[in-house]
Every structure is written in C-alpha cells, then in structure tokens.
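Quick note, the sequences are listed as chains A and X, same order.
Using this note's numbering, read the first sequence as starting at 1 and increasing by one per residue.
Using this note's numbering, read the second sequence as starting at 215 and increasing by one per residue.
These are computed hints drawn from the structure, not numbers from a lab.
No incorrect hints appear here.
So the derived list for chain X, only partly shown, Cβ under 8 Å to chain A, looks like this: (1) L241; (2) V244; (3) F245; (4) G252; (5) L278; (6) I288.
Ranges of calculated distance between the beta carbons of each label pair, as one might list FRET restraints: (7) A:G210 x X:F371: 30 to 40 Å; (8) A:G39 x X:D249: 18 to 28 Å; (9) X:E266 x A:I27: 26 to 36 Å; (10) X:I264 x A:L187: 45 to 55 Å; (11) X:Q296 x A:M130: 43 to 53 Å; (12) A:G142 x X:E266: 26 to 36 Å; (13) X:A230 x A:A33: 26 to 36 Å; (14) A:L209 x X:D249: 30 to 40 Å; (15) X:A230 x A:L81: 33 to 43 Å; (16) X:E307 x A:G210: 26 to 36 Å.
Please read all numbers here as calculations on a predicted model, not as lab measurements.
In this text, a Cβ means the ideal position worked out from N, Cα and C, and glycines have one as well.
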Amino acid sequence: MATPRTFAAPPALWDPVVRLTHWGIAISVLVNAALDEGGSLLHVTLGWLVLALLVLRLVWGVLGPREARFSAFPPNPLAALRHLGQLFSGRVSEYPSHNPAGAMMAYAFWACLALVTLTGLYMTGGATPMQVAADKAAVASGDWSALIKESEGESSDERSDEDKGLRHTAEEVHEVVANLLLILAALHVAGVFVEARAMRRNLVAPMVLGQRRK
Amino acid sequence: MTANPDIQTAGRRQTATLSIFLVIQTLGTVFFVGDVIGDLREDPLSVHFIFEAVVTAALVLGILFGTFALRRTIELLRAQDQALQVARGALSEVIDRQFQTWALTPAERDVGFLALKGLDVAEIAALRGAAQGTVRAQLTRIYSKAGVSGRAQFAAFFVEDLLGEGVPDAAPQAAQ
Numbered sequence: 001m002a003t004p005r006t007f008a009a010p011p012a013l014w015d016p017v018v019r020l021t022h023w024g025i026a027i028s029v030l031v032n033a034a035l036d037e038g039g040s041l042l043h044v045t046l047g048w049l050v051l052a053l054l055v056l057r058l059v060w061g062v063l064g065p066r067e068a069r070f071s072a073f074p075p076n077p078l079a080a081l082r083h084l085g086q087l088f089s090g091r092v093s094e095y096p097s098h099n100p101a102g103a104m105m106a107y108a109f110w111a112c113l114a115l116v117t118l119t120g121l122y123m124t125g126g127a128t129p130m131q132v133a134a135d136k137a138a139v140a141s142g143d144w145s146a147l148i149k150e151s152e153g154e155s156s157d158e159r160s161d162e163d164k165g166l167r168h169t170a171e172e173v174h175e176v177v178a179n180l181l182l183i184l185a186a187l188h189v190a191g192v193f194v195e196a197r198a199m200r201r202n203l204v205a206p207m208v209l210g211q212r213r214k
Numbered sequence: 215m216t217a218n219p220d221i222q223t224a225g226r227r228q229t230a231t232l233s234i235f236l237v238i239q240t241l242g243t244v245f246f247v248g249d250v251i252g253d254l255r256e257d258p259l260s261v262h263f264i265f266e267a268v269v270t271a272a273l274v275l276g277i278l279f280g281t282f283a284l285r286r287t288i289e290l291l292r293a294q295d296q297a298l299q300v301a302r303g304a305l306s307e308v309i310d311r312q313f314q315t316w317a318l319t320p321a322e323r324d325v326g327f328l329a330l331k332g333l334d335v336a337e338i339a340a341l342r343g344a345a346q347g348t349v350r351a352q353l354t355r356i357y358s359k360a361g362v363s364g365r366a367q368f369a370a371f372f373v374e375d376l377l378g379e380g381v382p383d384a385a386p387q388a389a390q
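Kindly produce the complete structure, drawing on both the sequences and the hints.
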C-alpha cells in the first residue's frame, strides 16, 4: 500500500514518531548537558529516556514509513561531500528524505547518543532512576551504605586496576562525546538554516506541526 | 471548508497518540531489558529470571507490532488523502469540461461552481459582490443551458456519474 511519490521532495510533515524522538532527544540532551548535575536523579532519568527514544527511532528506521527508514537515507560520505559542494554553488538537488549530508549528521548523532548512554549506564552500574532515588533517600535518612556501594568501583580493594581504568575511560568518553553532541547540534541547526535558504523551503515546520492550512 | 481537514486532524491525533503510547512502552521495555540483563549476571536459571525474561520478550514483541501497526496507519492515511485528492481533481475536471460544453460564460461558471458547493443565492451574491437578482438570473440561464429543471437536477448531473450504473433501476423495484 506504499504510495509512490512522483517527485523527490522532503516530507511536508515528518511522522509523529520522528518528531517525538527528535524533540525528546534534543531537549533531554540540552537539559543534561547544561542544566542538571551528572549523576543526579534527573540526569539519570533523562539518560534512560534518551536510550528509549534512540531505540524506538532505530526500530522505526527499519519498520517505519518510507522516509523514516534507513534505506531512504543510506550513509554515503561521498554523496554528502557532493551535496555540500552543491550547497556552495547554490544549486541543491532535492531528496525524498534527509539529504546525504543531513543523513551523515543523523548517523553521527545516533552513534554519539549510543556511546553517551551506554557509558552513562556503565558509570551508574546500570542503576535505574528508581534505584538512584532510593539510594539518595537512604543517604538522606542517614544510611550511608548506599554511598559505599555507589563508589565501589573507585574505593573498594576487591576491584582490580583494570576496572578502575575502564571506569575512568567511560567517564572520559561520556564527557567528550557529550560535548561532541553539542557541537553536532550546533552544526545541525546551522545546516538547517543553510539548506532552507538554498532550497527556499521552510525546513523547520515539517519537524514541528507542518504548514498550517488556511 | 470541506470535511477533509477534519479527517486529517483526526488521523493526526490518532497517530500522535499512538506514537506517545509507543514512546512510553519503549521506555518501560528498555528498563525491563536492563533489569533482565542485570539478573542474567546473577542467576540465569531462577524462576524469577525466566518469568521476567518471558515478560520482557512479550514487551519487545509488543513494541515491534505496535510500530508496524502505526506505520500501516500512517500509510493508510496518506493513501486516503491521495485518493481523495485524485478524486477531487478528477471531479473538478469533469465539471470544467461540462461547463465548457454548455458554453457558460466565465461569470456563469463561477456562479455554477458556487451553486454546486451548496451556497444559496444570498451567499453567492455576497461573495461575488453582486445583486441577488443578478445571481438568480445567472442561475436561471445556467439551468436552461444545461437543460435541467433546477438546482437539485443541476447538482445531480455531476453526482450521477459517481454513483455507478444500476442504482436508479434497482431502487424503485426495492421500494415495491
């Protein structure tokens, strides 16, 4: 029942799963990078939320409608460079989904998000927000044993140096990739503006509510 | 203006609701998968673990089916929208051609379209900034050029083609 599109143009309105995952991840990443404290209940909760949204978007990339599927925007660095060249000369071709450069951006985002959430999971020992909240409540009520459990990786003698090294690496990666995500986000926003100018087309509306009809 | 935006809004609302539900479902499933992986390291043969693993597998399947169903709904809505536009385009083409055949003047053509859309004389007059008498006279000329008795027959002229054959014959027999 897939409707063949007669001409290649980006969708007038992205489907709700694409929009929900896009804005959910965007807001969560910004809040976790700028507003809250690493390891806090909000930080861990948003981390889990990002992981869920990422998983859903990746499933949607296989099972979703045409323009949301990976097959509509395969990773192709050469095509991405060609597209950027077109952008400088001012004449860009239209694509039914992400343009090749935008596609590379999407894959870069997903790789970074996977890295940042997985290292985050490693750092918390896979603690769910419920466990973090319970630990914090226990500490607040005077039971400091939760603190010992929490920092086991660093202080306990049972852990080997290798584990400490791994944990340290995870922290480094978490921080570096989180900063990389912010740089990518800035590039992404700049890219949307440049593309929209070159295509003379509103590219923001399809990601929000689409063009309002009279 | 027509019923179409309502259908679209309803469709949008439905898919948006399904998507939000899917996000919540995925969040729950990710927690459960994490939990199962945690349990796997402790005691993979306990009843607790096996039970949880089965429940988690069901959740994962639920997401996959939910995703698939949502995709079908979105594609169905798009196909309907497209079919509606094709039908609308085809109908307006038929009307245009018929108006040409009847040799309606441009003004009569406009009035004829508005009449087909269901506007009454006062509304058409207000829209066109003309006197009601003028519109009434134009409508009379349109009906006489088309060879129909009045507005009902005029509208029926175009609907008839869409209804298909056999219906007018079958209806009186069924009534008897």
